[in-house]
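Using the hints, build the complex out of the two chains.
In the order they appear, the protein sequences are chains A and B.
Going by numbering that gives the first Met the number 0, the first residue of the first sequence is number 0, and it counts up by one from there.
Going by numbering that gives the first Met the number 0, the first residue of the second sequence is number 0, and it counts up by one from there.
You can take every hint at face value.
Restraint ranges, calculated between C-beta atoms of paired labels, are given here:
id : chain 1 : residue 1 : chain 2 : residue 2 : range
1  : B       : Asp42     : A       : Lys274    : 27 to 37 Å
2  : B       : Glu28     : A       : Ala102    : 38 to 48 Å
3  : B       : Leu68     : A       : Gly101    : 41 to 51 Å
4  : A       : Gly101    : B       : Thr180    : 17 to 27 Å
5  : A       : Met221    : B       : Asn37     : 43 to 53 Å
6  : A       : Glu194    : B       : Ala47     : 28 to 38 Å
7  : A       : Ala65     : B       : Glu171    : 42 to 52 Å
8  : A       : Pro220    : B       : Ala29     : 57 to 67 Å
9  : A       : Ala65     : B       : Glu212    : 28 to 38 Å
10 : B       : Leu38     : A       : Ala215    : 42 to 52 Å
11 : A       : Gly347    : B       : Lys225    : 55 to 65 Å
To be clear, the hints were calculated from the coordinates, so they are not data collected in a lab.
Built from N, CA and C at the ideal position, the CB exists for glycine as well.
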Amino acid sequence: MEALQARRSGLVPCAFEDVDLETYIAKVGMLDSFRVRADLSAFDCRNNRLAQLCLEQDGFVEATEAARKKYGAARIGVFMGTSTSGILQTELAYRHLDPQTGALPPDFHYAETQNSYSLAGFVSHYLGLTGPSFVVSSACSSSAKVFANALRMMEAGVCDAAVIGGVDSLCLSTLYGFNSLGLVSRFPCRPYDAERDGISVGEGGGFVLIERATEAKAADPMFLLGVGESSDAYHMSTPHPEGLGAILAMQRALDAAGLQADDIDYINLHGTATKSNDASEGKAVAEVFGDKVPCSSTKGWTGHLLGAAGITEAIIAMLAVEHGFIPGSVNTQQLDSAIAIDYRIENGAGKIRRVLSNSFGFGGSNCSLVLGRKA
Amino acid sequence: MMRLYVEGIGLLGPGLDGWSASRAVLAGEAAYVAAPTNLRASDMLPAAERRRAGVPIKLALTVGQEAFLQAGRETKSASTVFTSSGGDNDNVHAINGILATAPREVSPTRFHNSVHNAAAGYWCIAAGSHEPSTSLCAYDASFVAGLLESATQVVVDDAVVALVAYDHSYPEPLHSVRPITTSFGAALILTKQQSAKSLAAIEVEFRSGKAPETTMKDEALEDLRKGVPAARVLPLLAALAAAKTTQISIDYLEGNHLDIRVTPC
Chain A
0 MEALQARRSG LVPCAFEDVD LETYIAKVGM LDSFRVRADL SAFDCRNNRL AQLCLEQDGF
60 VEATEAARKK YGAARIGVFM GTSTSGILQT ELAYRHLDPQ TGALPPDFHY AETQNSYSLA
120 GFVSHYLGLT GPSFVVSSAC SSSAKVFANA LRMMEAGVCD AAVIGGVDSL CLSTLYGFNS
180 LGLVSRFPCR PYDAERDGIS VGEGGGFVLI ERATEAKAAD PMFLLGVGES SDAYHMSTPH
240 PEGLGAILAM QRALDAAGLQ ADDIDYINLH GTATKSNDAS EGKAVAEVFG DKVPCSSTKG
300 WTGHLLGAAG ITEAIIAMLA VEHGFIPGSV NTQQLDSAIA IDYRIENGAG KIRRVLSNSF
360 GFGGSNCSLV LGRKA
Chain B
0 MMRLYVEGIG LLGPGLDGWS ASRAVLAGEA AYVAAPTNLR ASDMLPAAER RRAGVPIKLA
60 LTVGQEAFLQ AGRETKSAST VFTSSGGDND NVHAINGILA TAPREVSPTR FHNSVHNAAA
120 GYWCIAAGSH EPSTSLCAYD ASFVAGLLES ATQVVVDDAV VALVAYDHSY PEPLHSVRPI
180 TTSFGAALIL TKQQSAKSLA AIEVEFRSGK APETTMKDEA LEDLRKGVPA ARVLPLLAAL
240 AAAKTTQISI DYLEGNHLDI RVTPC
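Excised from the complex, chain B in its bound form (with noise of 0.2 Å):
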């Protein structure tokens, strides 16, 4: 078990904009209404850069900003887990479409925006951050393999972790194969010390065999954690918007699960 300390949380979804407008509605006081998720570019880039963002880009800074924020931690200041089954889709779709059909221009933009850590990329320039910076996949476990490592990299490392998940849709014909039905994007600061800041312990648990699925009650929300991969980080908000000590459990894949013990602070 590994035990840490959530200090800072950011999000982008749909009718989920930003931690501090959405924690009601996660708690269950008040009623979620379904709009399209808020997609803008960060402040915190070069103009250059912000016409180049795509939306996992627009995603992650973000979210990854309003963590920062609320946990007043310098940008700079943490090391990084990017986690998204799927990385810039709209550009992945272009640059297939583009290979197929001469001649094939691929831009130098395209190709340096297809990698899956581009996300990370722009945010380590705009976050001006030398730290470690890692981008992981795990299909449909994507969160629960960043918060997986992330809370390694906390307990052995005592490193300060921002977690920055994220997925968005795939245009056609991708989508038919992989439907993803939103774009969503949350993010947690997370510490080995308790803090003026903490909102929360999580204790973290990877476990082999299966294991009940925590879902969500509003019907709208746990169709959201069911279509979207970064989405299955919904359990984990809505026990920290609770405040109240939760048991929860998330499926990882090859038929484990990790189980997250959240007490607030």
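So that you can see chain A by itself, here it is in the shape it has in the complex (with noise of 0.2 Å):
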């Protein structure tokens, strides 16, 4: 929050194993050094330490405990978003690989690393849940589509609350993975700036507790009300041109919530600052919510999370509901005068009741979250 409010970005030039492209990232540093969880020495991968880094954090540890002991372990989920799990564990290793026989280190824990659904596993045992658990891998919607599992899993009653979270760190296959299709820039990402330019990639996670809406014990609690999923159609790499698919996700969010346009006080972008996504995302909201709606893209300040974008943004967003702040735009000067939005570079205030976030992955993977307060 502090970071928000003090336009502090997380982006620096990437000095990053050793990676030669010439860009920004956003890096926690700490982590060359972590190490996670003793007993859990096998998972210990760049993407489950920052999951224990992230999992530590505002008392997380003590609230999902508090759950357990009102649920029990089996009746807690836990549905994560993830693009490219411990990946980073194997490009290291293929490096290392054994000159006579071509095989992989023998400390190389495929499992618990590099297989997607390490880090279910990892926060599961860290947790010690034991409940339904599975990786969502969509790209850059996974971390806020699994805000959507956890509601159908609660409603089936195949789980009484869920811990739902996301968590993406570096690795070269994005950043040279990205840099291939012309889309990461030089500078620190200027979200919906006239001369955007392309993607700072970040790393970062977040993790939420969700529990039954009846359940809520807080004065003023904050509800997830409504999810919105689509599909492009379209293109792999490419974002619909006249934004079909975040039209849909959109609508189907603001439906699902029972709201209308002028009920959301705030809208999180997508913005990942590539000329394409943002041209998209632009005509899209603009077809939902005309210009009347103060929107931003927080990348900026975090880079793009990918799989753990829809998490972060989703928890941005309730900061903005909690303090009655509007997120402004870090890095971008100038903005697109062919984007009809209430885009705001400043940050403001304001009484911000309902937010919509949205996450839109390869693929053609769209998701929006409607978080916030009941009438």
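Below, the structure written as structure tokens:
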């Protein structure tokens, strides 16, 4: 929250492993020396280190422990989003193959690091939860979609509460991969700027403990009001130019929440700062909301957290509600005049009751969340 | 307990070339004859995408298409749940090799095919589907995780869901640390309401704790079930093929399992 208010961006010139790209990244510095809990050492990799670091923030372990006592370990689901899981471990292991046999190093743990499920397995073990668990890996919408999974699982009676979230950590696959598509900026990313020229890759994570609305005890509790999911059916790595899938996702989220466009007080955009994403999303937001709802992308602070973008931006959106705070957009200088929405560069304040958060991914996978207070 | 109906089935595995051709084998009425998985690129894809399709996309589109044909539904009309332990394992191996040596030139196609939801992305393009689609992984329990998620979508959202499970082998050196024996895919069209096309009702329940897992009677099919995560679907397919009321159990992770009761329509 303080970093948001002080407009302190996490983007720095890229110094990660031996990556030779001229770009900016958001890197969690302490991960290099950090280790996961000793009894879970098979899971030790950059992604699970970051997961543990996130779990240890803000009294989350204590809150989960209380839920475990209330519901029982088997009644709490664990639904996680990640795009690349612990693939860095494999990338590094391929540099140290046995010269005779070509085998991976003996201390390489496939299931606990590279496999996509690794994150949900680690979180389940770390928190001592034994309910249903899986990983959603739908690129950059992954950890937004887990809100829908938790909602359905509770509604169907499969579990009573869920730990949802997502973690993605820096690796060579994404840095060189996005670079090959010409989508990586040489500068700190500038969402919705007329001169925007690509993303800054970041690493991060977040977790949310969610239970049925009927269990809410706080005076003015935070609700997941609606989720909308859709598919572009257009292209693997380029969004639909008219924002067709984005429109569907936002409209379905509003319908699920039983709300109208003017019930939304702030939109946290996907806003990756690529030419195509911001143009397509901007058109979609203008179509559904017009130019009356304050919008911004917070990726100038965080970089693009990929599979963790959904959860971290949902958390930022909930902070906006809690603090009556409208995040602006760091690094954005000159707005793109072709995009007709109320995009905010400067931070602001106001009464924020309900927010919408967008997450869109490769493969045309879209998810919009509506979070906030009940009327 | 969640109750849903199976309206269509797709299958592609070694010696199992389509549901229709494999039903008698799975019911124990005909002998299983092993043969390499008959992988082919689906004609649903435009030519350019067909050339870029790796094994998972071939598996997923072939079984998905067969299941929709049987159900008599349009491909664009259903939500989709894709589930796989690995994704495109050949591509992951190739990218790791490229990144381990200079110059690190990962092609755009290699990169966008490396996302776990590549098969889902290609499917939605080929099927013209704007419906919700998700892509899951739960290691060896990826199939039952997909079934559980699909069941909640059917029951809670009243969605028609196409569940598509697929897995294939890694090349070495990853094969040694994650031995998946062959290429295998299966698809189920699941609905909340019974229709003229419904083949069976299935009742699905997530249970904590261990239970004896249902195995395959035929030794080679049992090896297949154990050898490929997606092939954990085989006991369910055998129950559907037998067309009689059957109770089965499939292991989940963290010491849990799914109880499934199959009742023919």
